[in-house]
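Fit chain to chain and form the complex, with the hints in mind.
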Amino acid sequence: MKSFALVNPTTLDGALEALRAAMDRRGRSKAALLAGGQDLLTELKEHLSEPEVVVNLKGVPGLDAILVEGDLLRMGALATLSAIEGHPAILERAPALAQAAASVASPQIRSVGTLGGNLCQRPRCWYYRLEEAKCIKKGGAECFSYSGRNKYNAIFGGGPSYIVHPSDLATALVALDASVVVLTQKGLQTTPIERFYTLPSEGSILKETILKPDEILVEVQVPLDALARASAWSKFKERASYDWALASVCASVEKDAGKVNRARIALGGVAPIPWRVPAAEALLVGKALDEATIAAACEEALRGAEPLSENGYKIPLAKGLLTRVLRGLA
Amino acid sequence: MSALPPFPGAGYPDASLLAPAQDVGAKQKRTRKVKSTKVVDGIEQEVEIEVEDSGGPEWGPRESLKVLDKELQRVDGPVKVSGRATYTHDVRVPGMAWARLLLAPVASLKVARLDFSACKAVKGYLGHEVIEAEETRWLGQPIAAVAAETSEAAEDCLRAIVFEWEARPSVLDREAALKPDAPQVSRRGNQGKPAVRGDEAKARAAIEGAPHKVSATYVVPVVHHACLETHGAVVDWRGGEEAVVHCSSQHTFGFAGDAAEVLGLKKGNVVGLVEHMGGGFGSKFGFGQEGEAAARLSKALRRPVHLMLTRKDEFRMAGNRSGSHIEASAGMDAAGRLVGFAARAHKHGGIGDGSLSGLPYIYKCAESWSEISGVRTNLDASRAMRAPGHPQASFATESLIDELAYAAGLDLLEVRKANLDDQVWHRQLERVAREVGWFEHPHRARPGSAKDELCVGIGFAISRWGGGGGPSCEVEVAIERDGSVVSSVGSQDLGTGVRTYVAAIPAEELGLPLSAVVARIGSTRLGNANGSGGSVTTASLAPAVKHAAWNARQAFAEVLAPLLGCQPPDVVFADGAVQAASGGRKLSWKQACAALPEAGLRAKGAWQAHLQANGVHGAQAAKVEVDTLTGRVRVLHMACMQDVGLCLNRAATRSQINGGMVQALGYALFEERVVDAALGIQLNPCFEDYKLPHSLEIPKMTVVLDDEDRRAPIGMSEAPIVPGGAAIANAIHNACGARIRSLPCTPDKVLAALGKVS
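Those protein sequence lines, which keep their order, are chains E and H. Just so you know, we're using the working numbering here: the first sequence kicks off at 1 and counts up by one. Just so you know, we're using the working numbering here: the second sequence kicks off at 1 and counts up by one.
A hint or two may mislead.
Quick list of the computed label-pair ranges, beta carbon to beta carbon [stated by the list, open to error]: (1) Lys212(E) <-> Arg634(H): 38 to 46 Å; (2) Pro94(H) <-> Lys45(E): 24 to 32 Å; (3) Glu299(E) <-> Ala334(H): 41 to 49 Å; (4) Ala678(H) <-> Arg26(E): 32 to 40 Å.
The calculated DSSO-like cross-link candidates involving lysine-lysine, where the alpha carbons are at most 27 Å apart (straight line), are [stated by the list, open to error]: (5) Lys186(E) <-> Lys237(E); (6) Lys58(E) <-> Lys186(E); (7) Lys179(H) <-> Lys151(E); (8) Lys417(H) <-> Lys151(E); (9) Lys134(E) <-> Lys312(H); (10) Lys45(E) <-> Lys186(E); (11) Lys138(E) <-> Lys207(E); (12) Lys207(E) <-> Lys312(H); (13) Lys212(E) <-> Lys2(E); (14) Lys120(H) <-> Lys2(E); (15) Lys700(H) <-> Lys151(E); (16) Lys212(E) <-> Lys151(E); (17) Lys255(E) <-> Lys207(E); (18) Lys312(H) <-> Lys138(E); (19) Lys120(H) <-> Lys45(E); (20) Lys45(E) <-> Lys312(H); (21) Lys237(E) <-> Lys700(H); (22) Lys237(E) <-> Lys749(H); (23) Lys134(E) <-> Lys30(E); (24) Lys202(H) <-> Lys364(H); (25) Lys312(H) <-> Lys2(E); (26) Lys179(H) <-> Lys110(H); (27) Lys700(H) <-> Lys30(E); (28) Lys417(H) <-> Lys213(H).
Residues from chain H shown here face chain E by an in silico Cβ test under 7 Å; the list is partial [to be verified]: (29) Gln554; (30) Ile681; (31) Asp689.
Note that these hints are calculated values from the structure, not bench results. Note that the Cβ used here is the ideal one computed from N, Cα and C, for glycine as well.
Extracted from the complex, chain H is given alone in its bound form (with noise of 0.2 Å):
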């Protein structure tokens, strides 16, 4: 994870910094007037307003936006729910083989047999490639791969490979990581080099002097993204100069060099697709080590191979996000401020070293010490997760905060507020906390009495995230004679809404309907585009995208402009027409586009740094029910405000905002990888035994878009998932005082906090 760009302090800034610089002297200052809506005495009216035309392309005041910022139906939702759309898993292409890795079963083991004589003679075998013959370091490590006619075949194949192997001294947890006498898990040894900031010393003695102090340890364990289609990739090659490689990627651009690499052809010769993927949440950036097998298997069989995971390879190589194991102090004053902070924190991150947000997180401190190192165990190394490190530093802080306020007497509202500058998290405190009935709620400053059977309780948390994008898309935006419209770009749509508003923004530039542009995107063969994570994707696309579609607009206007009698700027694009400003001849859309040479007009874009933001905040509060009995924790409520910048889809901005809050639900009450330790083996590599929240755990959600912020479009698809765990984990100790320190949160957890297991 890189470190979070600058961060506004208090507010936003001013929106006028952020408008483009001019060059004042060399025209007049160009106005043009808008159509928008106002509303007088509760009554919408349309009202047209005058808006300074810089010359270059602006998103344009909200109220006038007929596309953008509203409701859309993803232009992709159809093909989807139907079932009709292709992912990687469901490509077939002629001729292809089937593939299946044969994974390291226990955490650390050297090879004493590998025998493919059996594999050969099942049929349909077609051919096999070794990645590992002498040890592996970690459960789940690929030893080899089949390919064959079918996947049942390939399945044959795998289970008649004679592998025999001994078990070498592994760990897999924490506390036998660190024990001196320990296997070491690399030669860099089993625990990283730590990382340090702030004066320990007067951290602690600032937490001495403090009225209130709380000490404690808290552990997140590992989980896993759970992406809905595991990884893997098609790789279609049959000899000669070139490739078309299908791969389940957040990186359409990443991979296919990677392919090239492995079958010896260049790289331009060789096609990545990425037509849909179904989810990655950080865990597919590189083309992999299936990939790779793949492309092996490819070139050395000179035919397509198709490879995807099995959902129990998924879980042991496809990576996970980090645990954390952070041992905590810190001071509260009689004003609910924090005076001293010091922790000494684990990454648990397998053979990586896992990630951890700094601490405290967000919150101020007068005097605050971390020591970060990660533990390293023969599991597989984490990967990037939808804000890595941030779920893990929000427990651990906000659940410290939480016990301070409670130790303090003091309301769990203002004590937040006590402790941010910023105005922006205390309006969205304030809101999230009045969705969920907290002004209303009874046990602000103490907690509920367990002696009731069922309880309530209320908790908070935020989040922040940069968002911001770079220079990396080029975007092609064509119209042709008969009037279509192809805004096109090699981006892959995660799942996100990418396909949605390529198409929404040029439909808004242009006057036209949604439905009149067709997004084309998830190839190499279409312009170039970044990977999708740290929530960049819509701050460095969209900027582009709008260029594009600025520049297609001041093209066919020069084209118009003598059609309709008038200059270029001062060509209208509204409502699926054309017409000059000053009223006169209107064409159709057609009408207008029918004035096009045969080959239409095409126009590109790049990235433009005022088109986009950085930088956005985030609250959430979760309201649940525990049932002191039975130790059910029942989510009822939750409740997100969140800042985006310019809104591009109302409706798959919340989405993702829902499914932020879904995972969130997820690793606060269910989600733990669990192995054992002495076996070496992972006990839930499947989703009936590793519990994703299902239909039924759903709360009620709800979401409020930041409409204050009135900056350019951020991405802000991380923000989501940091604070709804803490936030419900402090609501299980608000409704009944028991208070959980290692998530999930499940019902033995939480009998044990209330005093109910002997």
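Just chain E, same shape as in the assembly (with noise of 0.2 Å):
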């Protein structure tokens, strides 16, 4: 990796002092956040990232707490994975959250990688990866996954980039209608998670966030309510053992006398952002989760994919998980 300036800054002021030293005058940035450094570091090798300062924020206390308050529940972008995963009120109240941190790569990347660098993480997609393939995501001129090798790419939301987001915990908040607090230079902004991603088509194709390079992702907050406590999540990967999805799902349903009250679905690795269905939910309303109301839900939920010529398999694949969240659910 190429060689930088590490700040250490001990509290969120010196943190955003240090990100506002590092834009230049067309508002470009020389930094990067450190938190859990799981992906950072895997960007500085590959020269994907080459900041020449490093903002570690692992030195401002408090970041880390996770809160419950009532019935919404605080969880600092620092707190790991493994704390989330484990988290006794997330298990009871947000069983799918728990599930989906402990789903996402090894127990020794857990026990480092944060809630606010899983969000922020940047895309999979290999040609992104690769240093030698100047993809659009990189600058460059062409999505190489549309006519090459897609087998993980976006079904959905796709265009003119084709990667899917990462971040599995994005997927199970979306579902669970979180909101992120953002610290931005004029002081904390709250967010609907849904809100915080952007596609390639909405916003810049170099990020996937609504996240400026002077901000900082600070908090998430979940409303520990009916809908998150009927929570379940449940995600796909080629190989058990660590890695990322093929697609997910995350579901949460509040009944009323067996029947549908409200409900959440959000699909993970089918679209570069997580990819809520709003016409599934909706056609749930109102009808117990019995085995043909489930095939609608499912057919409903991927109807409009767009598969790309390898990734035609999401599409029964993520039905399949549906599938199975719902019957969980029922």
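Okay, structure coming up:
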């Protein structure tokens, strides 16, 4: 990796200041934020990112807190994935979140990987990850996966880039109706997590979120309501140990007298953002979760998918996962 | 790959045929008594039995062995698991420079500019060597090497080289290579001369006349050796007449000469060292371009140079197992016998020719024909990889046999036996079938239904290998006055357990525990040894160790006989003590060794044909669960039965067989080199995207060592990697009817085979 200066602020103000100082006149940043380092180091080693300054957040106290305040779960951006997967209140009141955290990578990585790092990680598309393939995500002209080897790429929301967002927690948090708290240079700003992520056709092609280079994701909030309590997660990995999702599903269903009141469903590994499927959610409302309803919801969830040459299998796969998740919630 | 040696057709030869020729007339036949274990009414009893003493080394009856054929903890286990073992990667010598290679980033290119001026300005730059200044014709071909004070500076130097090129037309896959107007990979063209066996017309007629016939194409992709230690060397030359070269190599005596040539030294003045090495699987025989680059830099700098490939470099330039594309047809009669087989096969070995075993694989067939040729592409040449060419041939043959058996409605196990004369395979197949629950399995002649969400299936396959040795090893066993015993030979241990049996064999011979013998290996300062490939090491080395140990015992007996009041042949070495066979005075090992002269005792040993054998079989069964909703394949159980002759270390042998099964599971379900033909690059040159099985993928594994085989030791380590892949693919079909003819059997292919992908 390229040499850089390491800055170790002990307050968020200090971190903001360091980010501000690293902006050039044209608004470009020479800095990168370091939390657990599990994604950043892979970027540095392959020279995908060559910051001059690395701002280490680990010295800021309290950012790893996990608090339950009444019906609100507040997780600091530096909470580790292993802390989330084992947290008693999360296990009980938002089980899908704990399951999603537990499905990430390996125990070693989860013990240092953080919530904020997981949500802000860069794509895993092999074209993106190889320095020699100057793809559209790296300022090139083309998304090579479109006509190339696209088994792992998007079936929804693609164009002009066809990456899938790699964060498992993001998918779960969309289904749980979570919000992210971002510290901007002007103060704290709370945003529904769905609006945090941007499609390649909407935001900048060079990034995946609305986060600006001089901002810091500091907290994630999850309402611990009946919906979160009845949530479930399923991630399908090609290899059970340490792999990314070929597809994943998070669903939360609030029922009353056997009928669905409210449902939220998000698919992971299928689109450049966590892919919410409102039509399938709507289809469930007012119905019991029987096999026919589940089958109809699965059809609805995958309607409109546009597979590339090698990833058509993601349609039956995602349907299969959603079938199992909804059966488990019935 | 060399052709397999002649193979015993039916069962094993009588053990007596393997005994050495004896000079019966010269003196009366000697016998000696040995202690053995006998089971009477289920209770083990120690008994004394009389065995022939031919006057030369013998392995002796299995039942009498105290060290060999037992569960031995490997002697280098503790240093390996505690991180104290020094691999080539770990070597640090004073003044050492760090080197890196610049590789061709695309499949074929013409160098436009190669400018080192910025590189020279990098802090820590020491020097560079140009390897290829004009043009390259395979992805990953080395272009230059740089050396610097630190590994970080070496990387900075590498990136500071101004390297510009023009991409040239290239072909990266079979289809592109065979097009009439395809860019030519080499002057020899894109296709090698076909090797033809059999009469095509007769084979096709036999197939045509058969009641059951199948035609299909079976594809195996290129896979990688994935050695945990990458290739590379540390060349320690600081000027002067002598050099020491550490190399991650399968042939300790192979690379020192190459290094000497580059350094301009006499071969005898270059010491080769392989103290520990992290896997080779056939890819680490030569010094390689990486070794030569290290030597050139060392020569230019007059400093030691450390050059180990990065993981990405390793994937691109350090070899692979060739892929195969086999169009096969076969016919089967009503009794399940193969009556005709015809195959046109292409090997995909990059710029090399690749390898593919004969077709059909092992099973007999009345009329068979095959035409095998290599198809060249602009990728690095394949190298030998554990049983070169066998897994590919096994996958096609075993898949085809299954397809025919289903067509004929026959039992999958019985069909195999109907095409094998050798009874060893019969008993091995039956045993692995029993291990995985075949005889209670509901789908023995028809696959299960994909209507079930979770389906369980079983598959079978077999293997063979030569595994005999030859004369090459020179072993010394030394006994010192203080009681220490050192067994030494220059051979390398690839992780196979060589070091352990180099100590265990003298321990057995001298009546000592394994811990009493020190093994010294991995250096050209020690006795010569063969390269470890083709499973020849055990059968080449073990007899020489045995011979040296036996010679040491004979010489020691000469010293001890007067002390014990007996003749030398009557000195018994057992349980850490020596005594006359008739009893009387007993000396502890330490006391006995004190009788040696100051210099101790040294004995040499060389290969003995009668102390090894040749030709192993092997059978595997795999039981899998297929999730038809997602395409997930979970291997539940793999069972292997393997003959090995006399097993030197049951724990290490089992471990090696387990390793073969895990590698087979890997290429069956996960492994494949993925390239982008348009960009001319490999997309998965790392362990994240090149998927190997990890801990959660490992099924229940059962290893049954075939103790009915009473022959002398045989190398068997190639055999266990062969059948597992075909067995798993067959088990997937048996579970749910999804026939996958192209490895690896990934979930997308399972779903497609089930008709779920539109």
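How the hints compare with the structure:
Between Lys212(E) and Arg634(H) the C-beta distance comes to about 45 Å, which sits within the given range of 38 to 46 Å. A hinted range of 24 to 32 Å holds for the C-beta pair Pro94(H) and Lys45(E), which are about 29 Å apart. The hinted window of 41 to 49 Å between Glu299(E) and Ala334(H) holds, with their beta carbons roughly 46 Å apart. Distance hint check for Ala678(H) and Arg26(E): the Cβ-Cβ separation is about 34 Å, which falls inside the suggested range of 32 to 40 Å.
Taking the CA atoms of Lys186(E) and Lys237(E), the gap is near 41 Å; set against the 27 Å cutoff, the hint is violated. With a C-alpha separation of about 22 Å, the suggested pairing of Lys58(E) with Lys186(E) holds against the 27 Å cut-off. Of the supplied pair hints, the one linking Lys179(H) and Lys151(E) holds, its CA atoms being roughly 26 Å apart against a limit of 27 Å. Annotation: proposed proximity of Lys417(H) to Lys151(E) is violated, straight-line Cα distance about 40 Å (limit 27 Å).
In summary, the hint linking Lys134(E) to Lys312(H) is supported, as the alpha carbons are separated by about 17 Å, within the 27 Å threshold. With a C-alpha separation of about 33 Å, the suggested pairing of Lys45(E) with Lys186(E) is violated against the 27 Å cut-off. With a C-alpha separation of about 9 Å, the suggested pairing of Lys138(E) with Lys207(E) holds against the 27 Å cut-off. Taking the CA atoms of Lys207(E) and Lys312(H), the gap is about 26 Å. The hint holds against a cut of 27 Å.
Restraint check for Lys212(E) and Lys2(E): satisfied, since their Cα atoms lie roughly 23 Å apart, inside the 27 Å limit. Straight-line distance between C-alpha atoms of Lys120(H) and Lys2(E) comes to about 17 Å, which keeps the hinted pair within the 27 Å bound. Proximity of Lys700(H) to Lys151(E) is assessed by CA-CA distance (about 30 Å); at most 27 Å being required, the pair is judged violated. With a C-alpha separation of about 31 Å, the suggested pair Lys212(E) and Lys151(E) falls outside the 27 Å cut-off, and the hint is violated.
Between Lys255(E) and Lys207(E) the CA atoms are separated by roughly 38 Å; this puts the pair beyond 27 Å, and the hint is violated. About 20 Å separates the Cα atoms of Lys312(H) and Lys138(E), which keeps this hinted pair within 27 Å; it holds. A threshold of 27 Å between alpha carbons decides the hint, and for Lys120(H) with Lys45(E) the separation of about 22 Å falls inside it, so the pair holds. Annotation: proposed proximity of Lys45(E) to Lys312(H) holds, straight-line Cα distance about 12 Å (limit 27 Å).
Of the pairs offered as hints, the one joining Lys237(E) and Lys700(H) holds, with about 21 Å between alpha carbons and a cut-off of 27 Å not exceeded. Distance hint between Lys237(E) and Lys749(H) is fulfilled; the C-alpha atoms sit about 15 Å from each other, no more than 27 Å. At most 27 Å may separate the alpha-carbon atoms for a hinted pair to count; Lys134(E) and Lys30(E) meet this at roughly 20 Å. For the suggested pair Lys202(H) and Lys364(H), the alpha carbons sit about 15 Å apart, so the restraint of at most 27 Å is met.
The hinted pair formed by Lys312(H) and Lys2(E) meets the criterion: a straight-line CA distance of about 18 Å does not exceed 27 Å. A distance of roughly 23 Å separates the Cα atoms of Lys179(H) and Lys110(H); the hinted pair therefore holds under the 27 Å criterion. Proposed proximity of Lys700(H) and Lys30(E) is contradicted: the alpha carbons are some 51 Å apart, above 27 Å. Of the pairs offered as hints, the one joining Lys417(H) and Lys213(H) holds, with about 19 Å between alpha carbons and a cut-off of 27 Å not exceeded.
For Gln554(H), the suggested interface contact is broken, since its CB lies about 53 Å from the closest CB of chain E, more than 7 Å. Given the 7 Å rule on beta carbons, the hint for Ile681(H) holds: about 6 Å separates it from the nearest Cβ of chain E. A cut of 7 Å between beta carbons decides the hint on Asp689(H): the least distance to chain E is about 5 Å, and the hint holds.
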